[in-house]
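Asker: Protein chains in written order, with the working numbering: chain U, 625 to 1075; chain V, 4 to 169.
FYI, nobody ran anything at the bench for these hints, they're computed from the structure.
Keep in mind that the hints are not guaranteed to be accurate.
Only pairs whose alpha carbons sit at most 25 Å apart, straight line, appear in this in silico SDA-like list of lysine to any residue [said to hold, decoys possible]:
hint: 1; chain 1: V; residue 1: K145; chain 2: U; residue 2: S641
hint: 2; chain 1: V; residue 1: K153; chain 2: U; residue 2: D957
hint: 3; chain 1: U; residue 1: K775; chain 2: U; residue 2: R658
hint: 4; chain 1: V; residue 1: K149; chain 2: U; residue 2: Q755
hint: 5; chain 1: U; residue 1: K661; chain 2: U; residue 2: R741
Computed, partial: chain U to chain V, Cβ under 7 Å [what the hints assert, rightly or not]:
hint: 6; residue: P713
hint: 7; residue: F716
hint: 8; residue: E752
hint: 9; residue: P754
hint: 10; residue: Y787
hint: 11; residue: G809
hint: 12; residue: K810
hint: 13; residue: H881
hint: 14; residue: P885
If you anchor each label on the Cβ, the simulated ranges turn out as follows [said to hold, decoys possible]:
hint: 15; chain 1: U; residue 1: T1063; chain 2: V; residue 2: Q78; range: 40 to 48 Å
hint: 16; chain 1: V; residue 1: K80; chain 2: U; residue 2: R884; range: 42 to 50 Å
hint: 17; chain 1: V; residue 1: Q57; chain 2: U; residue 2: T1063; range: 52 to 60 Å
hint: 18; chain 1: V; residue 1: V53; chain 2: U; residue 2: V636; range: 41 to 49 Å
hint: 19; chain 1: U; residue 1: D765; chain 2: V; residue 2: E14; range: 15 to 23 Å
hint: 20; chain 1: U; residue 1: D667; chain 2: V; residue 2: T12; range: 44 to 52 Å
hint: 21; chain 1: V; residue 1: K145; chain 2: U; residue 2: T1063; range: 49 to 57 Å
hint: 22; chain 1: V; residue 1: K80; chain 2: U; residue 2: P818; range: 38 to 46 Å
Ideal placement from N, C-alpha and C gives every residue a C-beta, glycine not left out.
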Amino acid sequence: MTTFQPVLLEAVGVAGSHTLASYRSRGGYAPLERMLKEKQPTDVIELVKASGLRGRGGAGFPTGLKWTFLPKDHPGPIYLCINADESEPGTFNNRILMEDDPHQVIEGIILSAYATRATTAYLYLRYEYPQSWDRLQGAIDEAYAAGLLGKNIQGSGFSLDLYLHRGAAAYICGEETGLIESLEGKRAWPRIKPPFPAIEGLFRKPTVVNNIETMACVAQIARRGVDWFRSIGVPSDPNNPRDPGSYGPKLYCLSGHVERPGCYEAPLGITARQLIDGQGGGVWKGRKAKAVIPGGISMGLLTEAELDTPLDFAGPGKVGCLGLGTAAVVVIDETVSIVDFLHNSCRFFAHESCGQCTPCREGTAWSLRMLERIRAGKGRLKDLELLAEIGNTMGMMPGSTICGLADGAAWPIKNAIKKFRGEFEDYIKRTNPSGWMVTDPVPALPIVAAH
Amino acid sequence: MITTQRILTPEMVASIEALAPRYPNRRALTLPALHIVNDELRYVPYEAVVEVAQLLGLAPAEVQDTLSFYQFFPQDKPSGETRAWVCRSISCALRGGEEILDHICHAAGIDPYGTTADGALTVEPAECLGACDFAPCMLAGKTLHKNLTKESAEAFVRDARAGKSS
Ligand SMILES: Cc1cc2nc3c(=O)[nH]c(=O)nc-3n(C[C@H](O)[C@H](O)[C@H](O)COP(=O)(O)O)c2cc1C
Ligand code: SF4
Ligand code: FES
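From just these sequences and the hints, can you work out the full model?
Answerer: Dropping the structure here:
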């Protein structure tokens, strides 16, 4: 593993890496030109399918398979939406790809559009990335001037327009149908599925939504081939015919209490401990980790004893986390109160719930208020039952909400209370010595604005 | 004839119209149009909402509905010349982000979401800015302020009030 050479991040730190000249000098766009000449769109789908690439945006859905859900022989238009809303706390790999190597992303987009027969692609970029906006717009302008975007690309007969679209600071715009609604100029309320976007998406047309890192992977698969991609990562479990495996390199974002925060490329399946102690230089100040977020705050928590969990698509789920998510690893050291962690998590989700589904709107707001009460020294042991009940009942998995934000809100609650119950109980008993055992209903709090 | 002052300048209208060919309908111009107005005026008063709606062939309520969803576009009065978002999400909070937010507000003499009396600076709490490798951090205008300390936060407030910040 020490011999692993970064590919997606190969240009980071290279002067002028964001320019077309630099990208070309590294072999960029040659694979695209070859594919446009020699391959049919279905060949590109087959290539991506064969690579085993799974979406990097959080859900890990196999990319090639998603593309095959588009209707055959559709008269068009078909849309490609690139998801650069990147707002999952702890996550910043898309930012680095867009700022340091935007052409790698754009080559992936053109290849993906060719495969899906999309002739318009919208890149939905979160508002908070002005530097990414400038780099991408510069790269798009260069690509148009070089005949890599626009009409009849490189004489292939294939045409593609790529437009940037700016968000307005709402996490829910990262959910793919929230993104679509937002692009259409409406409030970003996720849609009930089905219909899935592949059948009825943007402007009611067949649509594919993919993440920025997924696009970079497509570009590298075209350049280096399926065998290269499949030589990295964790193969599918032979005893589980439904496991698509975890192939390829992955960008892990490491932050929180580590000596060297940063975005590191590693084979899928590196363990949290290897990442923290290796690339990250260890937990900061010589301390120990109390807990580690394995893939963005929505995924829940690993305990110190669980740090040898491989961070592939299947790993975190085996220890009760929601999944690999965005592979954003956040280290929480032993000095942090788990109550404070959960308060921070609940505040985020209460703020970001779009309010459409009652269990999510009320569950996130109520859990925040309970955490505020606990932190104010008014917690009761019964609150832990109530929190667990919220955690168990809101989300797509229990079937009570339209989108996965609620599952992401529920998991930190469930994991924290299950894995750190003793600490919660001690905290409540210590801070509320006369009332921790009370089980009466609590009088209503004064109404505070939810947001 | 009464001529009412229009909020949308011809330049703003031209910028919005320049984007029209990108989308198959005009409603999709809503968010780009709101950004164009906000970039210029630092807020989007309700009269501008009505004008945007007219321009796009929508009901004002449709534009207002979208605008209000994001809680991003101020409507009552412009935000400060510098609008700063201080991250309070987990990676920043673990490295003192909440204290930095308090400190900046204290140095500026305002509450979170407030604007200094001279109109120079608005400070807002933000969720993860996607720059957790530089925690604790803040986005001020288009500038990312990395690895903030009490000292650099104070210097930022001083510069913003002296009109030197982005
Ligand atoms: C609440 C919520 C927020 C999400 N935010 C993002 C995001 O910021 N970026 C992203 O690529 N995917 C995000 N997703 C996942 C998308 O819905 C979608 O699965 C993904 O963009 C598909 O791209 P991929 O297959 O290339 O991963 C989010 C999902 C949920 C439920
Ligand atoms: S689960 Fe929450 S965020 Fe998702 S649609 Fe429902 S209310 Fe909105
Ligand atoms: S948590 Fe502050 S930038 Fe991500």
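Asker: Compare the structure with each hint and give your call.
Answerer: Verification of the supplied hints:
1. A hinted pair counts as satisfied when its Cα atoms are at most 25 Å apart, and K145 of chain V with S641 of chain U qualifies at roughly 21 Å.
2. Between K153 of chain V and D957 of chain U the alpha-carbon distance is near 22 Å, which keeps this suggested pair within the 25 Å criterion.
3. A distance of roughly 18 Å separates the Cα atoms of K775 of chain U and R658 of chain U; the hinted pair therefore holds under the 25 Å criterion.
4. Restraint check for K149 of chain V and Q755 of chain U: the C-alpha separation of about 14 Å stays at or below 25 Å, so the hint holds.
5. Taking the CA atoms of K661 of chain U and R741 of chain U, the gap is about 15 Å. The hint holds against a cut of 25 Å.
6. For P713 of chain U, the shortest C-beta to C-beta distance to chain V is roughly 4 Å, which falls under 7 Å, so the interface hint holds.
7. A cut of 7 Å between beta carbons decides the hint on F716 of chain U: the least distance to chain V is about 5 Å, and the hint holds.
8. The restraint placing E752 of chain U at the interface with chain V holds, with a minimum CB-CB distance near 5 Å, inside the 7 Å limit.
9. Among the interface hints, the one on P754 of chain U holds; its C-beta lies about 4 Å from the nearest C-beta in chain V, closer than the 7 Å criterion.
10. Nearest Cβ of chain V to the Cβ of Y787 of chain U: about 5 Å, under the 7 Å cut. The hint holds.
11. Because the smallest distance between the Cβ of G809 of chain U and any Cβ of chain V comes to about 3 Å, under 7 Å, the interface hint for this residue holds.
12. Contact between K810 of chain U and chain V, as hinted, is supported at the beta carbon level, the nearest pair being about 6 Å apart and thus within 7 Å.
13. The beta carbon of H881 of chain U comes within 6 Å of a beta carbon in chain V, closer than 7 Å, and the hint placing it at the interface holds.
14. Taking 7 Å as the C-beta cut-off, the interface hint given for P885 of chain U holds, the closest approach to chain V being about 4 Å.
15. For the hinted restraint 40 to 48 Å between T1063 of chain U and Q78 of chain V, the CB-CB distance of approximately 45 Å keeps it satisfied.
16. The given range of 42 to 50 Å is respected by K80 of chain V and R884 of chain U, whose C-beta atoms sit roughly 43 Å from each other.
17. For the pair Q57 of chain V and T1063 of chain U, the beta carbons lie near 58 Å from each other, so the given range of 52 to 60 Å is met.
18. For V53 of chain V and V636 of chain U, the hinted distance range of 41 to 49 Å is satisfied, since their beta carbons lie about 47 Å from each other.
19. Taking 15 to 23 Å as the suggested C-beta distance range, the pair D765 of chain U and E14 of chain V conforms, at roughly 21 Å.
20. Our hint of 44 to 52 Å for D667 of chain U and T12 of chain V holds, since their Cβ atoms are close to 50 Å apart.
21. Roughly 52 Å separates the CB atoms of K145 of chain V and T1063 of chain U, a value that falls within the hinted 49 to 57 Å.
22. A hinted range of 38 to 46 Å for the beta carbons of K80 of chain V and P818 of chain U is consistent with their spacing of about 45 Å.
Hint check: no violations occur; every hint is consistent with the structure.
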